[in-house]
Each structure stands twice: as C-alpha cells, then as structure tokens.
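S.K.: Same order as they appear, the protein sequences are chains D and G.
Residues 1494 to 1891, numbered by our numbering, are exactly what the first sequence covers, in order.
Residues 938 to 1319, numbered by our numbering, are exactly what the second sequence covers, in order.
Incorrect hints may have been included.
[As the list claims (entries may be wrong)] Here are the simulated lysine-lysine pairs, DSBU-like style, with alpha carbons at most 30 Å apart: (1) Lys1149/G / Lys1077/G; (2) Lys1149/G / Lys1523/D; (3) Lys1636/D / Lys1256/G; (4) Lys1259/G / Lys1636/D; (5) Lys1021/G / Lys1040/G; (6) Lys1523/D / Lys1231/G; (7) Lys1636/D / Lys1021/G; (8) Lys1256/G / Lys1633/D; (9) Lys1149/G / Lys1633/D; (10) Lys1633/D / Lys1259/G; (11) Lys1520/D / Lys1236/G; (12) Lys1705/D / Lys1259/G; (13) Lys1744/D / Lys1553/D; (14) Lys1021/G / Lys1256/G; (15) Lys1236/G / Lys1523/D; (16) Lys1231/G / Lys1633/D; (17) Lys1256/G / Lys1744/D; (18) Lys1520/D / Lys1231/G; (19) Lys1231/G / Lys1705/D; (20) Lys1744/D / Lys1236/G.
[Claimed, not checked] Away from chain G, derived, C-beta distances all over 12 Å, residues of chain D: (21) Gln1552; (22) Arg1572; (23) Thr1605; (24) Asn1645; (25) Ser1650; (26) Thr1661; (27) Leu1663; (28) Gly1715; (29) Leu1731; (30) Gly1761; (31) Ser1762; (32) Arg1817; (33) Lys1834.
What the hints contain is simulated information worked out from the structure, not anything from laboratory work.
We put the CB at the ideal spot given by N, CA and C, even for glycine.
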Amino acid sequence: MSAYEYDVVVVGGGVSGITAALTLAEKGLKVALISKGDPVCCLSTGCVDVMTGEGDPWQKIGELPAGHPYVKAGDDALRDGLVFFLRIMEEQGLPYVGSLTENRPIITPIGTVKHTCLVPVTMAASDLAKSERLHVVSFKGIKDFYPSYLTNGISRSSFSVFDAGISTTLGIASRFEDEGFLGRFISWLQDTENPHDRIAVPAVLGLRDPVKVMERISKAMGRPVFEIPTLPPSIPGLRLFRALKGALQAKGGHLYWGKGVSSIERQGSEIEAVTLATAGRAARVQGRAFILATGSFVSGGLYAGRDAVRETVFGLPVFVPGERREWFHAQFFTPGHAIEKAGIVVDDCFRPAGGKLKNLYVCGSILAESEVMKNQCGHGLAIATGVAAARMCARGLA
Amino acid sequence: MFKVNPDFPGPKQAGPDAQRFRLDGERSVDEWVKLCSQCKRCEVACPYGVNVAEIILRAQLTYSSEHLSPFTAHLFANTHYLGKLGSTAAYFTNALASTSLVKGALRLLGLSTTLPLPEYRFLTLNRGRKRKGRFRAPMKVAFFHGCYLNYNRPDLGRKIRDLLSYLGCRVVMPRQTCCGLPALGNGDVDIAARFARENVKELGSWVDKGYKVLYACTSCGLTLAHDYPELLGVPGGRKVAENTYNVHEFLSNAIEDGSLAVDFGPVDMHVAYHIPCHLRALGIGYPAARIFEKIPGLKFRILDDDCCGLSGSYGFKKKNEKTSALLGQIAGDAILATGARALASDCGACKMQLAHFTGLPALDPAEVIIESLRPAPAKKHA
Chain D
1494 MSAYEYDVVV VGGGVSGITA ALTLAEKGLK VALISKGDPV CCLSTGCVDV
1544 MTGEGDPWQK IGELPAGHPY VKAGDDALRD GLVFFLRIME EQGLPYVGSL
1594 TENRPIITPI GTVKHTCLVP VTMAASDLAK SERLHVVSFK GIKDFYPSYL
1644 TNGISRSSFS VFDAGISTTL GIASRFEDEG FLGRFISWLQ DTENPHDRIA
1694 VPAVLGLRDP VKVMERISKA MGRPVFEIPT LPPSIPGLRL FRALKGALQA
1744 KGGHLYWGKG VSSIERQGSE IEAVTLATAG RAARVQGRAF ILATGSFVSG
1794 GLYAGRDAVR ETVFGLPVFV PGERREWFHA QFFTPGHAIE KAGIVVDDCF
1844 RPAGGKLKNL YVCGSILAES EVMKNQCGHG LAIATGVAAA RMCARGLA
Chain G
938 MFKVNPDFPG PKQAGPDAQR FRLDGERSVD EWVKLCSQCK RCEVACPYGV
988 NVAEIILRAQ LTYSSEHLSP FTAHLFANTH YLGKLGSTAA YFTNALASTS
1038 LVKGALRLLG LSTTLPLPEY RFLTLNRGRK RKGRFRAPMK VAFFHGCYLN
1088 YNRPDLGRKI RDLLSYLGCR VVMPRQTCCG LPALGNGDVD IAARFARENV
1138 KELGSWVDKG YKVLYACTSC GLTLAHDYPE LLGVPGGRKV AENTYNVHEF
1188 LSNAIEDGSL AVDFGPVDMH VAYHIPCHLR ALGIGYPAAR IFEKIPGLKF
1238 RILDDDCCGL SGSYGFKKKN EKTSALLGQI AGDAILATGA RALASDCGAC
1288 KMQLAHFTGL PALDPAEVII ESLRPAPAKK HA
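This is chain G alone, in the form it adopts within the complex:
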C-alpha cells in the first residue's frame, strides 16, 4: 500500500515503530493505521518473525473501538448479512446496483464504484444440496465455502464440490457463517468472535466425525487456520485449525501419497497464476501450482510479487479507491506482460480486481483442473 500511498508510512513505521508510542494507554490518534489493508506481505517478508500485520491489526481494532466507525465499516463488517439480503432479492439487487442513480448514492455513502459491485445469486450454496459423494468414500471433507462462493459465485462453489466428489471425496456443506475476516478488517472484533465461535462449533463437530475442513477462499482459510486459535483465541479453534486444508493442498497431498490417482487430460491453456496475498501468508507454498505441473499442455506462470490492491472490502471504499486502482494497475500489468490468455487466482476479490484491470478471463485454479478432466466428464470415478 505504502508504495502507492504516501499517507501510509509503511508497515515498519505503522507497526512496530509506532507501537512504542501506543503503549502509554492514551487514546489513539493514528487514523492512517486504517490505511493498512492487511495483505500481510510485511509478515511474509520479515525474516525475523515479527508479526507486523498483527501489531497493525490490533492497533486498527483499538482505533475503531475508540472512534465512531464510518458507515462503510459497519456495512462491510456485516458482509454476511449483506450477502443474505442481496441474494434473497438477487434480481432486484443486481438490477439496482448497476443503475447510475444507485451508483451515485453509493459514492455519497463512501463506496467506490471503480469496479462493478459483485452480483448476488439467488440459488446460493447453502440453499442447494448439503451432501455429495459416496457415503463410504475414503476421504471425508467438510467444505467451508465462505461468503463469496455462497452469495456471489455459487456456480463455482458447486464446481469445486463436484470436483471433490468426482475425485472420490464425500463432501458435506456444513452450516456456516462468514469467517469473520471482513469484521476484523472493519474494526469489529465482537462480530468476528461471534462468527468464529459459531463456525468452530459446527466445523469442530465434523472434525470429530473424521472430516477434514477444506477451504477454497484463501482469506477464509487464513482466518480459520490462524486467527481463530491465535488472535481470537476461540475455544476449540486449535482443533479446527489443525484439520483445515486448502482444497488444492488436500488434493495435492492425496495425489503425492498415492491415495488419489488422477488422470489429467491435456489442455491448451496459457495462464498467469496470481498468488493471493493470504495464500502467501498461510506459508503452505502454492498447492494449486503443484497440481498444475501435472496437467499436460498447461503453460502457467506464477506471479507472487504484487498485491491486487482490492483486499476484500478495502478497495470498495471510496477513500481507498485510488490506492487500490494504482496497485491493481501494477499487478494487472505484470499479468499482461506474461502474454497469458487468462488469469487464475484462488481469491474472489483478486479475480474481480484483476479481471477489471487486465480484461482477461479470471479463473479459479479448480476451473483449470476441471478443464483437464473434461474429456471424460461422464466417467464415474472408480
């Protein structure tokens, strides 16, 4: 962020440096601390293990608790309810959101209209079937789809569910609420903790039944695996975190240890694989790329040096509009420079932003894998 926005002094100054002055218990005055988007690139970069982003996040939460939050913060902290409402009235929401009158109103309320607002879908994942795959399948997984797949891209969520069951998993869609990251990012730790407790209760019961929790959204994943047991300290969070896997990490491990044999067919694709910041922050490497390597004919290039700049709700706020666009341009140019015909990314926000700045089709890594399994989609998994 600080490389395009001089108002933000950078992670070192905003984090550990300023922290020395925050310890005296005085009311916080550093409003610029909210300009940090929590991409956590500083934490990955720091070789000495300083939790820079977490120091900043705690300062953001303190600042928010001591000051009145703007309307947008309340709105985005509750994206879950926004999604519920938006999808229930999907037809009207989508039609309304694209009108210039509504756009003008949104700008007045402090929202950015650089990107089209994500469209909502009525037939969300939690309205669809809750189980798929044979009951006796050797691999049992509980899919934490998160809000984006549920409300905005249930079609993609169903694709991932079907991919998993096609590859021999018993997939359940556990009852779930928002992971809580948007609430944390918008300064509302109470909402985040409530969501976390609800999810840990439900997911924990599936873990007890021998299921692994899988996530596709890497930001949800980071919240489940890191924030639940650490920052939020939810009871039972550790057990859930230990049994939570990225979808591709899970598949790649199963392929490597021989429990899953996949016959990848050839594809004719050239993809720029943009690594979401939160996938980097998980520290598990780039599991989808490990699967990509096995797909004949797939040409792909990993791009992990740039943040897309949207950072969930960050870029949808008018005050961050310029920062977000400048970063989106940089990341988009890096993608275009590869000459790829499509981009792939695990994160819904990254895809929205980069599709806008490159004009390229934006795929989920699972869609690339499905493409290579396409020639024989009717073939039942043996």
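Just chain D, with the same shape it has in the complex:
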C-alpha cells in the first residue's frame, strides 16, 4: 500500500528544517517534516544569533570566507528569513524583538553580557544601563542558576529566592500558567521591598503565554521585568520550537515525530522515498524533493566513527578538515576548532556538490564551513540557509 506523496519531505526538525518547511508550505506546497526527536534548539537560549559580538552582524558576515554558507545563501535570504521569522513568531503569540543591523545585549546566567540579534520579547528589557539597579529573583532548588554569579558581575544588584514548590525549570514554568500561582508570586515580590529599576528572573515565566506572565509581573511591580536564559533544559528554546512547529501545522505541514529514517529509496539521481522506523512496520514517506536539515555532530546529522565522518541519513560525502590530529586545538576553550568546518559541501543551489543527487537540498549547521560555535551564528545560519535551500527547492520543482 502506497503512502502520501509530498512535494517536499524535510528531514530534521530544528530551526533550519522547520524554516525551510514553513517557507515551502507558504508557497502552497505539500510538506512533510521528519524528526527523530526534539531538536537541539530546545537546548538553546531561544535567541537568534546572526553573528557574535557587539555592533552590526552584517559587517562580520562581510569578512567571512567565500565558502561560508551565509555567503552562499546571500544577504537576501538572511534578511528575508529574519523578517519572515519575526512575522511567524508574532503570529504564534511569541513575539521577538531586535534590529537586523545592530546586535543587542542579553545577560547570561553567569552574569556576563552576550550580544545577539533577535530576542524573545521576554528578554527585551535585558539592555540594562550601568546606572540601573537590578533585582534578581531565583527559585528554591533550581539547578544551574546561581544569583550570586549575577550580583557579583553586576554592580548595584541584589537577589531573593522564591519557593515554587518544585525546582525544575519545566515544573516552575508550568506553575506560572496557573493564575493562583502567579498571584502568589506577585504578592511575594511586592512584599520583598526593593528599590531596584529592573527585575530579572530565570527564563521560567510560563510555557504557552510568557508575554502575558511577564507583563502581569511588570505591571504589578511598575518596572521592567526580563528573563535570563538558563542552562538546558531551556524553556525559551522549548517555546521557540513549539511555536515554529505549531506554525508549520497551522500551514498544513505534516509532522512525523520520534522515529528516524531507517532507509532511503533512490532511483538514479533522484530520491523517491524514505522509510521511518515506526512501530510494527516501516512507514514510507515519499516526495518529489527532499531537504536535509539534521544538523551537525550534536544533533546527530554527522557522526564521527573511528574510520570516517559519516552523514547519517543519505550517506552523503562529508568534507573533513585534514587528519584527526588536526581537528582540535590544544585548548578546549580556544575558539575555532577545525572540526567545526566539517559538513556537506553544496553547489550554488544548495544541493550536495558533485551533482549525483538532483532532488536533495541541504541546509543548517550540517553545511561545511559553517563554524557555528566560532561565529555564534546558530539560528541565524539555520534561518538563512533554510530559506535559501527552500527557494532553490521550489525553483527545482517548478
């Protein structure tokens, strides 16, 4: 028995894959999205890094080597992609803010400042001026969030601790959905006398409607409130993922979640279908075109075995920077380990170089030369290449 035939099947459910799928679904194409689990974006801060550092990210993009995926995707894909992203998130009730040409600061859980491009509106008020006094609220028992790191790093700041009755970030975030809990939190905060200008909380202000929670607290306290991203599991990352996934479902995209691709069906230079390791019997998902967005080593798109680095779904050839001994710096924290350059080399149409597969496109951090850690360009690169690959794919199908 044959299955549904899709115009495009996207393999990989992270920011890049969903962006590509959304772009195509908005063009009226029938799209399936396959993911073997929740993507690594659930572990991210939820912020969209375009390029690291203060100032204009485009300036730094201009300094990238010609082989970098940003250069391949072109300025239009990035700009259109970010505008598209802002619109989608607005529609999903999780608005983002930020300037495309000027990075903005957020405060990290260790009290340092990081510069990023787009931030969820719950982090909008983290642009703290030097003269401002900050009050940090933490929660009893919460892991990996030490308010004294923040108060040591930020002058004129203090902290207090609220007992939420549960200590996991997911647990606390769920409590904030409850009106009664929110009310108790606000009245406790009002009782802790503090003359500060802004209030910071770890990013746990609810899962579904954090903007409402933040605004309620902010209004009651009469001063700006903002979230500080936490170590994984990250609630803003989870919200980002759920919003993107919801947007795709609302636009008619079909999800196949939880099972990886177990085999592929290929006819000459075209991929015809992939099969999923579903319960009982492999499910076949066929499409006219395919997009690979499975990410790099962390998300399992690439696997470094003893003998070679493999691409795990289609078995594409992988570019690797030299011998294994050349992959790493002597020091772990030195930025720019050579292995970060590993990935799939693509042609100008974002198809695997060599021309052996005509209906497969590749996007996201699995692309060779991305160096996502060094450039801190994770979600930005995912969005730009997702849009670029989707456009090429749509053109190929037309």
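Once you've looked at the hints, dock chain G against the given chain D.
M.R.: Here is chain G on its own, set in the frame of chain D:
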C-alpha cells in the same frame, strides 16, 4: 508528569540515570518509578533513540514483581474482566457507581473519583454482529476494538465499523481480549503476555486470510504494533504488527493511492484535535488530520504538546489524582484557548479527561468524518 509532580524525578533520572544503579541485582527500592504514567513523550523527544520509557517500564515491572501490589493495581491489570462483569450487570454497575456511598468506598480502596467512572454498556461489541460489508469487498479488515469501545462505548465502535463498511471494507470483529496494556501498566507482565498470545493467535489467523488488523484506540495499537513483538516477544507478534494499521492511517492511505474515493460533504465544525501520547509514540504522524484536511468547512487545530494526564488507569488511582488533574487542567486550557466548540481525540481516556476539564463535547475523529458523510447516509457505496 514530573513538571507537576516533584516526587517523580523525570524520565532521564528515573530511566537511564537510575538504571546504572539497578544493574547490581539488589531488590528495587525506587517506588517513585511507578509515578511514570508511560505516556512515552520522553521517547518521542529523545533524538538519540534511547528507549527511556521502556527502561522505566522494565523497572516498574521489576519493582512490582518484588513488592506486594496494591489492590488498585490488581483491579486495573484486569480491566478486561472488570469490563465483562461491569457490562453484564451494566444497569446495576452504572447506578451503583454514581452513589456517594460507593464513591466513598472506592476512595477507601485507593481510587480517584475526580472523574465519573466510565459507564458500562450491556450491548457490547462482542455481543453484536461479527461481520459487516460485502464478502467480495476489495479491502478486508479485522477490527481490534479493544476494551473501551467494547464495554464502554459500543455505540462508537459500531459507528466505526459502519463507517468502514460504508467506505467499502469487509469488516470482521475477531474474537479478542484486552490488549494487555493495563496489565503492563499495573505491573503484571504474566497477564499481559497471556492476553498477547491469545490475541496474536486469533489476529494472526485473520492476517493469514488476507485481512489487515485495524485499531482505533491508539494505546491498543501501540501495544499490538510495538510491545507484542518487542517487549513481550510473542511468537507471531511480528507478523501481526506488520499488518496492523490505525483506522485513519488505513483510510488515508487508501484515499491517497486512489483505491478509495470518498466524497466528503461540507461541515460547520471547529475542532481542537488533541493528539494522544500513544499516537505520537507510534511515529506514524497524525493520520486522522490528513483526512480532516479533505473535509470542506472543517476548521481544526492540532494540539500535540500536552498529555491529558489520565493515562488510562493512572489517573483513576487516588495517589495520582492531583498529578492527573494538574495535567488535565493544562491540556484543557490549551484546548479552550483555541476557541474550538468541540474536541476530538483518538483515545477514550483522553476524551473522558478532557471533556471533564473543558466542558466541551469530546468526539472521536471517526465521528467528525461521519459528520461530513452525513448528508447522504442512505446512499450505498458504489
């Protein structure tokens, strides 16, 4: 579960983390492992293919085998017999279950009374006709209805049977017993394995005759397709699993490959489609939604981020009452936020729980499809 119940340390700690300490053969002490409801959301979420829920399930079974099980566990492991008894004396069971005296007694025995107990029906599916549809119909299906449709909602079971035969299937109702999931969930692997062997024998004989096995209850489906060949390793289980389909998966595939032409009429409905956890766990996507897309006028929204919290018998135990209610509230609020006028879900337990927490009518996806075929119900399938 762990997001509302701090006593449960979460799937990672309860599963792979704690497993390292369980390998030494000592008697198990982690009673909290039973707080896992086996929603299997952890398994769907894990991108590295770790069978988190299965690790926990095995630990639960070990714990149960080494400790005396509470009365409720024995009761729910045998829901099949409960159903037989309840439906045979349906009139008395239902009347009794709603009295405050009985409710008090149930609470004493460790049962939750947050939800009204499901009512039993006398005219169960296995008391009704066993075959429907033309003998020479091109599509032959054996309907595994499971306990809920049989004992509690035979009317819905008959609707699904009639929908299938209306669409041109030859439907048989094979002799069947409980799928065994309640027994697994309540720590009784022997009962589960016995049920599995009985079902595989009967269903396997229909598969040999060219029938496809269809299920509507997604938890039964997951047990048939996954647990029979894997966890329970029943001989012949693989053959049954390979030929087992979700009702809507089967119909959607038939529509897509052109073997089934359905003329969907317009409906005026706005439905929140709550995806049962076990449908997610099957990994087959959301087949009913693929059919919903073809129904003119049907407005629907897929909700797959929240577990309803009832998880079969889990929420009917008093010790899980609060956890279940908190999760039910979260999932219910998500449904109400869509502004839908009804909710749909494939799972009987999800529907009971969410109808309670939203006050909305709870439909089976098949009922939505039937609604769109309603204008010409008398028209015989050509």
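S.K.: Next, verify each hint and record whether it holds.
M.R.: Going down the list of hints, with the structure as the test:
1. Proximity of Lys1149/G to Lys1077/G is assessed by CA-CA distance (about 6 Å); at most 30 Å being required, the pair is judged to hold.
2. A threshold of 30 Å between alpha carbons decides the hint, and for Lys1149/G with Lys1523/D the separation of about 28 Å falls inside it, so the pair holds.
3. At roughly 27 Å between alpha-carbon atoms, Lys1636/D and Lys1256/G fall within 30 Å of each other, so this suggested pair holds.
4. With a C-alpha separation of about 25 Å, the suggested pair Lys1259/G and Lys1636/D falls inside the 30 Å cut-off, and the hint holds.
5. For a cut-off of 30 Å, the pair hint linking Lys1021/G to Lys1040/G stands: about 21 Å separates their Cα positions.
6. The straight-line distance between the Cα atoms of Lys1523/D and Lys1231/G is roughly 13 Å, inside the 30 Å bound, and the hint therefore holds.
7. For the hint pairing Lys1636/D with Lys1021/G, the CA-to-CA distance comes to about 49 Å; that exceeds 30 Å, so the pair is violated.
8. Proposed proximity of Lys1256/G and Lys1633/D is supported: the alpha carbons are some 25 Å apart, at most 30 Å.
9. With a C-alpha separation of about 54 Å, the suggested pairing of Lys1149/G with Lys1633/D is violated against the 30 Å cut-off.
10. Between Lys1633/D and Lys1259/G the CA atoms are separated by roughly 22 Å; this keeps the pair inside 30 Å, and the hint holds.
11. This hinted pair checks out: Lys1520/D and Lys1236/G have alpha carbons roughly 21 Å apart, not beyond 30 Å.
12. Between Lys1705/D and Lys1259/G the CA atoms are separated by roughly 26 Å; this keeps the pair inside 30 Å, and the hint holds.
13. As the CA atoms of Lys1744/D and Lys1553/D are separated by approximately 34 Å, the hinted pair breaks the 30 Å bound.
14. Of the pairs offered as hints, the one joining Lys1021/G and Lys1256/G holds, with about 26 Å between alpha carbons and a cut-off of 30 Å not exceeded.
15. Our distance criterion of 30 Å between C-alpha atoms is met by Lys1236/G and Lys1523/D, whose separation comes to about 18 Å.
16. Distance restraint check for Lys1231/G and Lys1633/D: the Cα-Cα separation of roughly 50 Å exceeds the 30 Å cut-off, and the hinted pair is therefore not satisfied.
17. Proximity of Lys1256/G to Lys1744/D is assessed by CA-CA distance (about 41 Å); at most 30 Å being required, the pair is judged violated.
18. For the proposed pair Lys1520/D and Lys1231/G, the alpha carbon gap of about 19 Å is at most 30 Å, so the pair holds.
19. Using a Cα cut-off of 30 Å, the hinted pair Lys1231/G and Lys1705/D is violated, with the two alpha carbons roughly 36 Å apart.
20. This hinted pair checks out: Lys1744/D and Lys1236/G have alpha carbons roughly 12 Å apart, not beyond 30 Å.
21. The beta carbon of Gln1552/D is kept farther than 12 Å from every beta carbon of chain G, the shortest such distance being approximately 35 Å.
22. Non-interface call for Arg1572/D relative to chain G: holds, since the shortest CB-CB distance, roughly 30 Å, exceeds 12 Å.
23. At roughly 28 Å from the closest C-beta of chain G, the C-beta of Thr1605/D stays outside 12 Å, upholding its exclusion from the interface.
24. Every C-beta of chain G lies more than 12 Å from that of Asn1645/D, the closest at about 29 Å, which supports listing it as non-interface.
25. Under the 12 Å C-beta cut-off, the non-interface status given to Ser1650/D relative to chain G holds; the minimum distance is some 29 Å.
26. Residue placement check: Thr1661/D does not keep its beta carbon more than 12 Å from all beta carbons of chain G (closest about 7 Å).
27. Not every CB of chain G is more than 12 Å from the CB of Leu1663/D (nearest about 4 Å), against its label as outside the interface.
28. Every CB of chain G is more than 12 Å from the CB of Gly1715/D (nearest about 28 Å), matching its label as outside the interface.
29. Interface exclusion of Leu1731/D from chain G breaks down, the closest Cβ pair being 9 Å apart, not more than 12 Å.
30. Its beta-carbon lying about 23 Å from the closest one in chain G, Gly1761/D satisfies the requirement of being farther than 12 Å from that chain.
31. Every CB of chain G is more than 12 Å from the CB of Ser1762/D (nearest about 25 Å), matching its label as outside the interface.
32. Chain G leaves Arg1817/D outside its interface by the beta-carbon criterion, the shortest separation being 23 Å against a cut-off of 12 Å.
33. Separation of Lys1834/D from chain G is adequate, the least Cβ-Cβ distance of about 23 Å exceeding the 12 Å criterion.
Of the hints listed earlier, those the structure fails to meet are numbers 7, 9, 13, 16, 17, 19, 26, 27 and 29, in rising order.
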